[in-house]
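Peer 1: The whole structure should be built from the sequences, with the hints applied where relevant.
As you go down the protein sequences, you meet chains A and B in turn.
Be aware that the first sequence starts at 40, since it is given in our numbering, and climbs by one per residue.
Be aware that the second sequence starts at 40, since it is given in our numbering, and climbs by one per residue.
Honestly, I wouldn't trust all of these hints.
One copy or any two copies: either way a pair holds, since identical chains are not told apart in the list.
Calculated lysine to aspartate or glutamate pairs in the DMTMM-like style (CA-CA distance at most 20 Å, straight line) [as the list claims (entries may be wrong)]:
(1) Lys420 - Glu283
(2) Lys274 - Asp494
(3) Lys407 - Asp207
(4) Lys133 - Asp474
(5) Lys372 - Glu54
(6) Lys96 - Asp362
(7) Lys156 - Glu288
The set of hints was computed from the structure by calculation and includes no laboratory data.
Now for the letters of each chain:
Number of protein chains: 2
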Amino acid sequence: MAYKKDENFGEWYSEVVVNSEMIEYYDISGCYILRPWAMEIWELLKEFFDAEIKKLKLKPYYFPLFVTENVLQKEKDHIEGFAPEVAWVTKSGKSELEAPIAIRPTSETVMYPYFSKWIRSHRDLPLRCNQWCNVVRWEFSNPTPFIRSREFLWQEGHTAFATKEEADKEVLQILELYRRIYEEFLAVPVSKGRKSEMEKFAGGLYTTSVEAFIPNTGRGIQGATSHCLGQNFAKMFDITFENEKGAREMVWQNSWAYTTRSIGVMVMTHGDDKGLVLPPRVAPIQVIVIPVPYKDSDTTAIKGACESTVYTLNESGFRADLDTRENYSPGWKYSHWEMKGVPLRIEIGPRDLANQQVRVVRRDNGAKVDIPVANLVEEVKVLLDEIQANLLKTAKEKRDACIEVIHTWDEFTTALNNKRLILAPWCDEEEVEKDVKARTKGDLGAAKTLCTPFDQPELPEGTLCFASGKPAKKWSFWGRSY
Amino acid sequence: MAYKKDENFGEWYSEVVVNSEMIEYYDISGCYILRPWAMEIWELLKEFFDAEIKKLKLKPYYFPLFVTENVLQKEKDHIEGFAPEVAWVTKSGKSELEAPIAIRPTSETVMYPYFSKWIRSHRDLPLRCNQWCNVVRWEFSNPTPFIRSREFLWQEGHTAFATKEEADKEVLQILELYRRIYEEFLAVPVSKGRKSEMEKFAGGLYTTSVEAFIPNTGRGIQGATSHCLGQNFAKMFDITFENEKGAREMVWQNSWAYTTRSIGVMVMTHGDDKGLVLPPRVAPIQVIVIPVPYKDSDTTAIKGACESTVYTLNESGFRADLDTRENYSPGWKYSHWEMKGVPLRIEIGPRDLANQQVRVVRRDNGAKVDIPVANLVEEVKVLLDEIQANLLKTAKEKRDACIEVIHTWDEFTTALNNKRLILAPWCDEEEVEKDVKARTKGDLGAAKTLCTPFDQPELPEGTLCFASGKPAKKWSFWGRSY
Chain A
40 MAYKKDENFG EWYSEVVVNS EMIEYYDISG CYILRPWAME IWELLKEFFD AEIKKLKLKP
100 YYFPLFVTEN VLQKEKDHIE GFAPEVAWVT KSGKSELEAP IAIRPTSETV MYPYFSKWIR
160 SHRDLPLRCN QWCNVVRWEF SNPTPFIRSR EFLWQEGHTA FATKEEADKE VLQILELYRR
220 IYEEFLAVPV SKGRKSEMEK FAGGLYTTSV EAFIPNTGRG IQGATSHCLG QNFAKMFDIT
280 FENEKGAREM VWQNSWAYTT RSIGVMVMTH GDDKGLVLPP RVAPIQVIVI PVPYKDSDTT
340 AIKGACESTV YTLNESGFRA DLDTRENYSP GWKYSHWEMK GVPLRIEIGP RDLANQQVRV
400 VRRDNGAKVD IPVANLVEEV KVLLDEIQAN LLKTAKEKRD ACIEVIHTWD EFTTALNNKR
460 LILAPWCDEE EVEKDVKART KGDLGAAKTL CTPFDQPELP EGTLCFASGK PAKKWSFWGR
520 SY
Chain B
40 MAYKKDENFG EWYSEVVVNS EMIEYYDISG CYILRPWAME IWELLKEFFD AEIKKLKLKP
100 YYFPLFVTEN VLQKEKDHIE GFAPEVAWVT KSGKSELEAP IAIRPTSETV MYPYFSKWIR
160 SHRDLPLRCN QWCNVVRWEF SNPTPFIRSR EFLWQEGHTA FATKEEADKE VLQILELYRR
220 IYEEFLAVPV SKGRKSEMEK FAGGLYTTSV EAFIPNTGRG IQGATSHCLG QNFAKMFDIT
280 FENEKGAREM VWQNSWAYTT RSIGVMVMTH GDDKGLVLPP RVAPIQVIVI PVPYKDSDTT
340 AIKGACESTV YTLNESGFRA DLDTRENYSP GWKYSHWEMK GVPLRIEIGP RDLANQQVRV
400 VRRDNGAKVD IPVANLVEEV KVLLDEIQAN LLKTAKEKRD ACIEVIHTWD EFTTALNNKR
460 LILAPWCDEE EVEKDVKART KGDLGAAKTL CTPFDQPELP EGTLCFASGK PAKKWSFWGR
520 SY
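Peer 2: This is how it looks when you write it as structure tokens:
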């Protein structure tokens, strides 16, 4: 690694995603190639999430990539939010199309005309769609692999219910799954909360999210969002049903998504100056086994012990692999697999062979321990669980150490300059957030609300908003963000 | 069903894919919505195929949707083949892009500049990439759900080897997996063979395919293709490696794909005037259980028996479901699930309850049989296996009955008019195929080669080409095609 995380964070990040073979830069700016080391993580997350939402009776759909201008513009706030980033197809072969066709930036307008067609009676509800697909948002700000790319992969869930209660309930069920993806799989601590009116989904009723924080840059990052759309799209797209009494009502809708951005957040959170650090639950390889022969040592026996180790671990359900490449030294291999973030390295040399043990080295803290071959499976399991827990714990401590509770505008600007995750009492007025944005504009971007966390500290009566001086209604996280 | 398969095939097909809830027509011509009844089949096929190619050490990738004009045009034959169908993005938001950007019609040109970068040494080979994604071909001929759509889903495998032998071997390994998808899963008989020079992949060395045939329209249909690209793209994209002796060589490449078209071929093959007929291995629901209460019968006991039946079947690994909707009659439900093609229907009424049996009805042939509850799992397994085998057998008999061996031009045109699958001795000259196409032009489309089957009948010495009168070199399938 040429760059250090604490010195040149941006360059460090680019280097680590490329050198670990997750990403290859592509010749169109803002587009990236996802290599197996990233895609295998995406597949592991997908396997978990897809099984969970199928338990919630979500069904798989695939809607078209394209949407007509007419339909895209039906919901005014929605199109205002997305219009500047929409990519338009205007030609096929050498012919101009009759009318330009948009590439989906998200699929509300693609799907909802058909919801209107499919939903007739209360018996057709709830309707629950999910698709795994690519979407395109042709952004001009600073492209960054995973974090901000013009095309990305995601799942998008779209559901319609007879009642607001059912919709509200699902918003939180999905948000909890997103929390689990971040905390249980990616070992990234997140705050569940609600977005402000300014920051909510364009055209929706309210937005909940899981928010992560990157201490190095002092920026919040939206991890995933679960929106209640209310009846707004139902009105625009005429999605109604006949209730049990024979009257027509509008449906209540949700939409929710998480993207390949999640992988980038994980890289930023755990990576170090040796490269990636992968949580065991998402590591494509959890244990890499490396033979360490000395001069005159019995290479056949060592190779056999390595193969047997990998075999035993794979049989027990671990993802283990062997690096027996002959043209690379053990030291080169150590660095290589450290760069790729593999949680455990097992070294087997003549002394290990003689003692019927293996040497195990942790990627997260470098700790080394000798394990008797007889206890291999049990001890590896314990170590992987420890690493998973330790990564989350360490990340949480670092994140929490950045939280700063402030009460005044001066404290706010100081904390912002110090790259803190700011928790501030707020009056919850849209005009005030606009004003904060205007007053903090600059090269680094304006400050804004990240979320109002569900987990609210006590708000003593008489507490005033840090920005407006009006009575505060809640504690909200503020800061710059990705 | 308003239309009959043998009378109005085209209308029948549209009706069956819509009424079975596989497809919804979309407001952009040539784009279709894939609903759960189609997507669940796609997921089952994907699960099988993805596991098989992972055994062959294929790795998951995701390359961008977009490709620059410059790169797309690098391989001349390739771009000539695809150029008329390429969709171009020229605008984002309200701004014109500096240069138009193509949406991938296939990803050879997207990927191979990076193969060139990643492959340095023989140790980097073989390189094996697969991605599951959408591609866009803006065709103007007759769009048909699944069969010919402007956007479709597929997997595309792209591999690079040090030797032609390895590439040749993989071409056939993959082709065999495609045969298994069609014959073992979709119960659609296919012929493995090689495409003619005119019909091979644009820019490739040779193309193999599995070819199906639709008796109702007398058209062949390409089921999936496995191409050896030779060293042609390697030359254009400079993909070379240092061999073990230190010399530079060009790699040998393959690409191969199958698409959502496969689902359409299955629908056309097995469907009947009652709707879809699904082979058990791909049916999202294999067994539908329907309570059939009479007046005064014990509905609670019947419902209990139905639930217990579904539970037992699901526990044994079958995909069973229950239709207890109260506002529909049993007769309505029978038609509904027949339309959706569910392989087995189980009816449970008071008499069944009294006799500790269930009534089972096959979708493929309408046969009814009473099964003792005690034998449920065993008998359902046998029946599903029988249905799977019977569908393939019946389809094969129908396909084989269409094959006509011809020797002369007159026999050829007669067979073509009779919608036969024509097996003809051919001189294998490109000019002759061009000539046949020119001479058979018409409203129904020209005749062409479908493939030269690997399974070749004997070709007696002195046999002449049906079209040119020159010595024949092989037997090839000819006909009109989708």
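Peer 1: Hints first: check each against the structure and report whether it holds.
Peer 2: Going through the hints against the structure:
1. Lys420 - Glu283: For lysine 420 and glutamate 283, the Cα distance exceeds 20 Å both inside one copy (54 Å) and across copies (40 Å).
2. Lys274 - Asp494: neither (33 Å within a copy, 60 Å between copies)
3. Lys407 - Asp207: Neither: 48 Å inside a chain and 47 Å across chains, both beyond 20 Å.
4. Lys133 - Asp474: neither (49 Å within a copy, 28 Å between copies)
5. Lys372 - Glu54: Answer is within; shortest intra-copy Cα gap is 18 Å, inter-copy 60 Å.
6. Lys96 - Asp362: Between copies only: 16 Å across, 42 Å inside.
7. Lys156 - Glu288: Within one copy only: 15 Å inside a chain, 58 Å across chains, cut-off 20 Å.
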